[in-house]
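Protein chains in written order, with the working numbering: chain L, 1 to 331; chain V, 1001 to 1331; chain B, 2001 to 2329; chain Z, 3001 to 3329.
There could be a bad hint or two in this list.
DSSO-like cross-link-like pairs, simulated, lysine-lysine; straight-line CA separation at most 30 Å [said to hold, decoys possible]:
#1 V:Lys1255 / Z:Lys3202
#2 L:Lys255 / B:Lys2180
#3 B:Lys2180 / V:Lys1140
#4 B:Lys2047 / V:Lys1140
#5 B:Lys2180 / V:Lys1168
#6 Z:Lys3047 / L:Lys140
#7 L:Lys228 / Z:Lys3022
Derived by calculation from the structure, the hints in this document are not laboratory data.
Below are the chains, spelled out letter by letter.
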Amino acid sequence: MISNDDIGPETRLELYRLQIEIRDCEKRAYDLFLQNLIKGTSHLSLGQEAIAAGFGVAMKKGDKSFCTYRGHAHTLARGVPMEGVLGELMLRDIGLMRGKGGSMHLTSVEHGVMGSYAIIGAHLCIACGSAWRAQYLGDKDVTVCFFGDGTTNIGAFHEALNFAVIWKLPVVFVCENNLYMEYTPISEVTAVPHPAADRASAYGLPRILIDGNDADIVYRTAQEAIEKARTGGGPSLIECLTYRHSGHSRADPGKYRPPGELEKWMERDPIKIYKQRLKEFGVTEEQMKTLDEASMRKVEDATALCKASPSAPEELLTADVYADGGWAWRN
Amino acid sequence: MISNDDIGPETRLELYRLQIEIRDCEKRAYDLFLQNLIKGTSHLSLGQEAIAAGFGVAMKKGDKSFCTYRGHAHTLARGVPMEGVLGELMLRDIGLMRGKGGSMHLTSVEHGVMGSYAIIGAHLCIACGSAWRAQYLGDKDVTVCFFGDGTTNIGAFHEALNFAVIWKLPVVFVCENNLYMEYTPISEVTAVPHPAADRASAYGLPRILIDGNDADIVYRTAQEAIEKARTGGGPSLIECLTYRHSGHSRADPGKYRPPGELEKWMERDPIKIYKQRLKEFGVTEEQMKTLDEASMRKVEDATALCKASPSAPEELLTADVYADGGWAWRN
Amino acid sequence: MAELSYRDAVIRGISQEMERDKNVVFLGEDIAKAGGVFKATVGLYEKFGTLRVRDTPISEQAILGAAMGAAMTGLRPIAEIMFSDFAAVCFDFIANEMPKLAYMTNGQVSCPLVIRTGNGAGVRFGAQHSQSIENWTMMIPGLKVVAPSSPVDVVGLMAAAIRDNNPVMFHEHKALYSTKGEVPDGEILDTLGTAKILRPGKDCTILALAMMVHRALDAAEILAREHGIDAEVVDVRSLVPLDTQTILASIAKTGHLFTVEENPRLLGWGAEIASIVADEAFWDLDGPIVRITTPHIPLPAADHLEDLALPNAPRIVERIVRTLNGSRG
Amino acid sequence: MAELSYRDAVIRGISQEMERDKNVVFLGEDIAKAGGVFKATVGLYEKFGTLRVRDTPISEQAILGAAMGAAMTGLRPIAEIMFSDFAAVCFDFIANEMPKLAYMTNGQVSCPLVIRTGNGAGVRFGAQHSQSIENWTMMIPGLKVVAPSSPVDVVGLMAAAIRDNNPVMFHEHKALYSTKGEVPDGEILDTLGTAKILRPGKDCTILALAMMVHRALDAAEILAREHGIDAEVVDVRSLVPLDTQTILASIAKTGHLFTVEENPRLLGWGAEIASIVADEAFWDLDGPIVRITTPHIPLPAADHLEDLALPNAPRIVERIVRTLNGSRG
Ligand SMILES: Cc1ncc(C[n+]2csc(CCOP(=O)(O)OP(=O)(O)O)c2C)c(N)n1
Ligand SMILES: Cc1ncc(C[n+]2csc(CCOP(=O)(O)OP(=O)(O)O)c2C)c(N)n1
Ligand SMILES: [Mg+2]
Ligand SMILES: [Mg+2]
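Construct all of the structure, not just a fragment, from the sequences and the given hints.
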């Protein structure tokens, strides 16, 4: 059993709890669309839980998250109740946006989740704006923006990184490199081996490349970058190496993967790694089991609530097009 | 008098001739809009002649140029007659596009000038397409794309560079760093000191930063990059340090310049540098004078032709909207 | 004569043209090895190889820029923009570069290319993956714009678009990919700028596009069966060029115009046609011109709300009956 | 009461709002130290300082993204897109992000910001710097769209746009910057969604926007003087929200509608209004609805060709006289 623990038992159990809950919730999402209870699309973070969890724990109340369509994990990691997430996937009234946004646009302002964006690139620029506001008003919150490897090849990535640096904005850009865009390997369409890390220097930023499947490493890196941003040190760009266990979306069986690749990464499953880690720090099987069971209960309760939830009333169709709540484009 | 000349007397005189002709033609353009004979806008390359000339001489017939609104110089450097350029600036029938395009869109396909583009960024991507065509058809021509320092901060720059590298396209990207976007110093809005050179590594490209006011250096660098592209070695990104003597456009007196900056750069005037260079290689004042006079004659003749030219017939208004020459959007 | 899905018709149309002209090349995201996210390009990579069918990075500006530069210099590229909503990230090429090139250069350069994209709603993808952007493209001078409603039209219009010497926006409807229809064997070549009368009628004219064509036809059946109204249904097919002859002739006959549009109300494609008819066919009209569109809102993800937003047969019928009853004409 | 140029009215409007609300910030290319390429922001940097008036790189997506993110979290940004043509390089933010945000989040977030841009032709800048894109923005659900024609409207509508809680496209007309008009002293606050009858008349209604308003007024004078036609000229001012009450009331009175549009023909803003009138005011109409627009072409640079392309008083007069004479109504 290792001593001198820089992270500490509470934090570690929190990192474990979040990873487990994300894992269980994503698995449930998968089951639900096999049961045809999730219409539309859905993008799981199975295998990438350590990143959402590591940042979720490192972020403080008031900090802002900007996510992608693959944002269930990052939303849950900010403390959003599962029924809000699963309910939105199921397009029910109980969902975070009562079914109006759908799985790709999860938003919970009260938890600092400032939206999930489904058109690649834009939200990196939008995150700059949130950070600019904090800088201008002297607010102390930090903005964290999550995106994938494929996103580094679109123009908005370049504009956002340059902009954040020259204005020294309190924003952290987190690239989850899971090796693929939808079906195409990132290596086939990118001029450098590490799509984010190898480009940091183009913005005068240090190269940060970490193991995204080790929640401790993610947590430490997140803390550092967030602290830097909070204290006026400006933005960071972090590339986290990871892998998605499932397909890109519900529609994707993942046939394009070379044989053995998934198996290799299963060895590096973040949950597996973290269970081992907890053992090393003296956490017992029983302690873990308690958290595992609590997580499953949450999933079951959330599922029940969602299944019981009606779909939203029809009046919502034309609500909130404008900030006055309505949709009137004429008098 | 220096011997062992890698460039050779003919080429040197050609580099001189082009620089002088561009200088004289641009000065005449300036006079013409002071006389209100040039309507609309106009962007001069005074002070940047060495770049257009160096590449113009290094490029072979059939090679393709993609230019910006600041493209008079690059168009002339491909051998386009002055009356075609001045005529277009004056929006007369004799102009390259008979006044339909205007000074920002100079195009002469027969000379390989595939257009001048006035919305920042796009033409870097378009140049990729021209190079892709050459690669696909096995054509041996190379595409050269000119743009400014400010252009390195827009998304299309990033997309084009990555795209050109992964497809190993025969294209040369030439960034003319004249220190300013329109009125804002590039250093105030860019995360790295050298907007192009410091970003080459983000695309796995070597860092190339040269003196853009020395036509010999530009010529040598151009030859190398073009040869590399022609022989299947893929793209290059070249940053040329230079300075524009005049304002951004006819509307700009250039007040934003720190005192002494222009004077300092006048010392490094490419024409001045090159006259000195020719002397060192034993070219006589008389030889230069002959070329100077020939250049002025061209300018005078072109000016006379343009002044005598009518404006284009009204039928042109609706011509060539579609490839069939017409504009019919209905039957 | 074989039954083909709309999805397979895309493959068939592209195949046909790539076989006859080696200057036809195809690029886009996940279109080659993976066969496209809508599986509408399966087999092309295997058939035409890595040089003619190319996967790209997520770089829509580079995709369209590359297509344009190649088209300007001798190729006939087909570029896929996966979802039509993404036209907004490369709109500079669609609105400012490709369509203005021939004009600005006084005809020195042309731009023979096709942008094919998955347009439209009905699949619960929400506001950023369900838009009908046919009107975004119709309003740009220099573009041509088509939106087929059936497999046979997909093949024929695809061929026509690829052979055309101008930039053509080819809107495929996401929700139609799995629909089937008869497609004759052998080469199929259709004509841009031609509308099709799918159901002749004398009482009113219904103009529709893409997925809405099927709903207009359903509505017409109900109108005939339950209301004794004999509606003429015209599949506009091509917004630019626009077949105003067929449209004006139909209105001259029926005296009543209805449009069924999936795009949101303001400046939907029917607005232009309504304005043309209200000018040139004013004296032929026996009653108001009525546009039946998606309300002017972003699209919701929830199935029941999305269904509520898009025009459907009952709503079309109700509007037409109410209008015709109200007409003093 | 002082005479102010349209250009100085922009400065006055922004100043007024930046003085009353410190959450109003302003960003764009060359807008701060240089005072803007159209000199329409001169003095704001000196007055409000480097934190509130900021120069940016040539990164339109970052400019609008930053404005949006700041608006979502508490500021009221004004973003300049130098020429309206450049809206195409950041159209994802204008069409997909800003206007859909409130809806997609079920009202959790709003986006109070203004995008001001130099729109329109008349300055010989050619096809990529002269477009009238008011229709590009009118068609997007969730946006508001204004286009003032006079200095006083610039001040009042700018104030209204900045105080509005939605994304507002503010189209300033390049060719009007140097025009002058009387502007009252003190705070000015106008209302979005209101048209203005600039010249009452009984024989026909002419709707116009921005620069075309002045040409419509000139035409109305000629119509009265030379043809005894008493035209009512309405400055639409705001495309979204649209003041359909004022428009429909005018047509109920005159029975004839003409639009004068600088945007190219297909799906120009007048098409929507024509379609509304042809539906809701059909029985008020005594003759065809006629749209007078720039032809559906990119714009030429040459002065005489550009002048030929844009609607002008003689062309407006000719069209109206021909139409009214031809009307049996
Ligand atoms: C502008 C744009 N282009 C294409 C797409 C379609 N698309 C959705 S997800 C995706 C792959 C993104 O890959 P990456 O950034 O690595 O994120 P990941 O899905 O791996 O988490 C693509 C191409 C999109 N949503 N937006
Ligand atoms: C997308 C876009 N944004 C802004 C502009 C306006 N603009 C024209 S030239 C220019 C400065 C370009 O600077 P640089 O790339 O350094 O070229 P230079 O003018 O110095 O040759 C700007 C901002 C434009 N034409 N296109
Ligand atoms: Mg990925
Ligand atoms: Mg520059």
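Hints, verified against the model:
Distance restraint check for Lys1255 (chain V) and Lys3202 (chain Z): the Cα-Cα separation of roughly 53 Å exceeds the 30 Å cut-off, and the hinted pair is therefore not satisfied. At most 30 Å may separate the alpha-carbon atoms for a hinted pair to count; Lys255 (chain L) and Lys2180 (chain B) meet this at roughly 26 Å. With a CA separation close to 46 Å, the supplied pair Lys2180 (chain B) and Lys1140 (chain V) exceeds the 30 Å bound. The hinted pair formed by Lys2047 (chain B) and Lys1140 (chain V) meets the criterion: a straight-line CA distance of about 27 Å does not exceed 30 Å.
Restraint check for Lys2180 (chain B) and Lys1168 (chain V): the C-alpha separation of about 41 Å exceeds 30 Å, so the hint is violated. About 27 Å separates the Cα atoms of Lys3047 (chain Z) and Lys140 (chain L), which keeps this hinted pair within 30 Å; it holds. Restraint check for Lys228 (chain L) and Lys3022 (chain Z): the C-alpha separation of about 27 Å stays at or below 30 Å, so the hint holds.
Taken one by one, the earlier hints fail for this structure at numbers 1, 3 and 5, listed in ascending order.
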